[in-house]
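K.L.:
The chain contents come next:
2 protein chains.
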Amino acid sequence: LRRQARGKRREVALGIGDDCAVLRPRAGEEMVVTTDLSIEGTHFRREWHPAESVGHRCLARGLSDIAAMGAGPVAAFLSLGLPQKLPQRWVNEFLLGFLTLAKRFEVTLAGGDIAESREGVVADVMVVGAVPRGKAILRSGARAGDVIYVSGSLGGPASTLKRMFAGEKVRAKKNERHFFPEPRIAVAQKLRGVATSMIDISDGLSVDLAHICEESKVGAMVNELLLPVARNASLEDALHGGEDYELLFTARENAHVPVEIAGVAVTEIGWIERGGSVRITDLKKTRALKARGWEHFVR
Amino acid sequence: LRRQARGKRREVALGIGDDCAVLRPRAGEEMVVTTDLSIEGTHFRREWHPAESVGHRCLARGLSDIAAMGAGPVAAFLSLGLPQKLPQRWVNEFLLGFLTLAKRFEVTLAGGDIAESREGVVADVMVVGAVPRGKAILRSGARAGDVIYVSGSLGGPASTLKRMFAGEKVRAKKNERHFFPEPRIAVAQKLRGVATSMIDISDGLSVDLAHICEESKVGAMVNELLLPVARNASLEDALHGGEDYELLFTARENAHVPVEIAGVAVTEIGWIERGGSVRITDLKKTRALKARGWEHFVR
Numbered sequence: 011l012r013r014q015a016r017g018k019r020r021e022v023a024l025g026i027g028d029d030c031a032v033l034r035p036r037a038g039e040e041m042v043v044t045t046d047l048s049i050e051g052t053h054f055r056r057e058w059h060p061a062e063s064v065g066h067r068c069l070a071r072g073l074s075d076i077a078a079m080g081a082g083p084v085a086a087f088l089s090l091g092l093p094q095k096l097p098q099r100w101v102n103e104f105l106l107g108f109l110t111l112a113k114r115f116e117v118t119l120a121g122g123d124i125a126e127s128r129e130g131v132v133a134d135v136m137v138v139g140a141v142p143r144g145k146a147i148l149r150s151g152a153r154a155g156d157v158i159y160v161s162g163s164l165g166g167p168a169s170t171l172k173r174m175f176a177g178e179k180v181r182a183k184k185n186e187r188h189f190f191p192e193p194r195i196a197v198a199q200k201l202r203g204v205a206t207s208m209i210d211i212s213d214g215l216s217v218d219l220a221h222i223c224e225e226s227k228v229g230a231m232v233n234e235l236l237l238p239v240a241r242n243a244s245l246e247d248a249l250h251g252g253e254d255y256e257l258l259f260t261a262r263e264n265a266h267v268p269v270e271i272a273g274v275a276v277t278e279i280g281w282i283e284r285g286g287s288v289r290i291t292d293l294k295k296t297r298a299l300k301a302r303g304w305e306h307f308v309r
Numbered sequence: 011l012r013r014q015a016r017g018k019r020r021e022v023a024l025g026i027g028d029d030c031a032v033l034r035p036r037a038g039e040e041m042v043v044t045t046d047l048s049i050e051g052t053h054f055r056r057e058w059h060p061a062e063s064v065g066h067r068c069l070a071r072g073l074s075d076i077a078a079m080g081a082g083p084v085a086a087f088l089s090l091g092l093p094q095k096l097p098q099r100w101v102n103e104f105l106l107g108f109l110t111l112a113k114r115f116e117v118t119l120a121g122g123d124i125a126e127s128r129e130g131v132v133a134d135v136m137v138v139g140a141v142p143r144g145k146a147i148l149r150s151g152a153r154a155g156d157v158i159y160v161s162g163s164l165g166g167p168a169s170t171l172k173r174m175f176a177g178e179k180v181r182a183k184k185n186e187r188h189f190f191p192e193p194r195i196a197v198a199q200k201l202r203g204v205a206t207s208m209i210d211i212s213d214g215l216s217v218d219l220a221h222i223c224e225e226s227k228v229g230a231m232v233n234e235l236l237l238p239v240a241r242n243a244s245l246e247d248a249l250h251g252g253e254d255y256e257l258l259f260t261a262r263e264n265a266h267v268p269v270e271i272a273g274v275a276v277t278e279i280g281w282i283e284r285g286g287s288v289r290i291t292d293l294k295k296t297r298a299l300k301a302r303g304w305e306h307f308v309r
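So the sequences go chain by chain: A and B. Following my numbering, the numbering of the first sequence begins with 11 at its first residue and continues without gaps. Following my numbering, the numbering of the second sequence begins with 11 at its first residue and continues without gaps.
For reference, chain A alone in the conformation it holds in the complex:
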């Protein structure tokens, strides 16, 4: 693992093998840090998700948080709790999924910890990223009159999950975003200086838009007719499904926001208003958009 983990990032002055890793931010940069805990039964099921998908998903959650700040990833840290009876092969495939994604984004695995868990796999992933000083895109920058945008399409992963809950055996293909979500790092970096606020959609559009509104002390109106609902997904999936790992952001009305960034569609879906209420309209009727949390696999 130590050998595999040795990456080329110059910011990682010292990786696995000492009491700590040593990170050396470049001049004029600050570091962003996120941590995501994934627990078997809550965030994934071994009978549904191949180990490679679990490894990919655990790291993708963190990379998506880095993207949501407009930052670029630098290093990852992996803490693994493994039940005694877990086959070594499962661990190897988990690491394959994790390290393949890390390599693609030039993220160095710089540390971690392994311990025995009593039941089920536990993976806590910390990702450190870098962003030019003062340029991180926060949740708190939205202002009344800003336009709301979303990258890619929404609801696809939730619709896949629904099929599995209905008993369907879904093959974990590499292009199936539920199994192999794609963090929007490249899109996010192009949004620095453009987006006034940003978040990644992990809990569902309704919840994550509410987070932006709360932190920015504003309200929002979503135009239902504009929502980029994924093929095979319902409006419900797109609004509340979660695990899309798309970027939800705002920009000034007069800002130039391309309809495609880094090969990913960017869609205008509404606007920011005064007040604190989040609503949705089909231009005939308007209703409150209730924040309905992503409840993982606990049902």
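Hints in this document: simulated from the structure, not taken from any laboratory.
The list treats identical chains as one, so a pair stands whether inside a single copy or across any two.
With a cut-off of at most 20 angstroms between alpha-carbon atoms, the simulated SDA-like pairs for lysine to any residue come out as follows:
| no. | residue 1 | residue 2 |
| --- | --- | --- |
| 1 | Lys145 | Arg36 |
| 2 | Lys227 | Gly27 |
| 3 | Lys227 | Ile26 |
| 4 | Lys227 | Arg153 |
All values reported here derive from a predicted model rather than from experimental measurement.
Following the hints, put chain B in place on chain A, whose structure we already have.
P.N.:
Chain B in isolation, oriented as in the chain A frame:
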């Protein structure tokens, strides 16, 4: 929690409440990062360890790693997996133990994650520290002829653990180092420019000295007669017990190392040799010092 977490560290530009925390290292400093996974049944038992002790211990592990680099702590991140039936009071007391220790070392709780675990408490703690650029004390700097030192005393926590395994009910007093270990941050910072290599004793002297020897490509000789064995502890506890969270370090033969640093005794316990073998002597007989791992509570 968010309110409690707001610390005063200037290096934490943005704490809990966004997709990531933002850390702003001071000019000329680099960051050290460590992560420690603590799992109920493996690292602690709810029937033995009060929640306050568990919270303290989880953070102390990370702070001790920061000390082992000669660094100072800045921010902590806490990922908690909690079983559904866990009383809220347990969580509150865990946080009390965690945050009391954090406050004492001026560490800001800058982020984290909470999820439901199927069985048992899981706590992954990440600590970020700062050290002047290039000044981190590594495991790899020991050279033949260096003197080996250890802070404090050894074996105390292991002897407490043994008593509990023997069925004794031990009260978790604040001055009982098994329950409330003391990270040697102040000692460590005084050792920058003095220590040639350093590690904290978490797995036991025999294991951690072997780590220094391996990374430095040297051997070592421990003088059994000099070991600062804790009161009520055996030589065995001191050599292999673990969880001492004392500092084990080397310095050049001609370096000035005080016998007490920041109120903590510092004891010379042996010397570094060429070759790769780690041995122990009572000046009559010499034998190999086998690295016997700390096996936590799995017996």
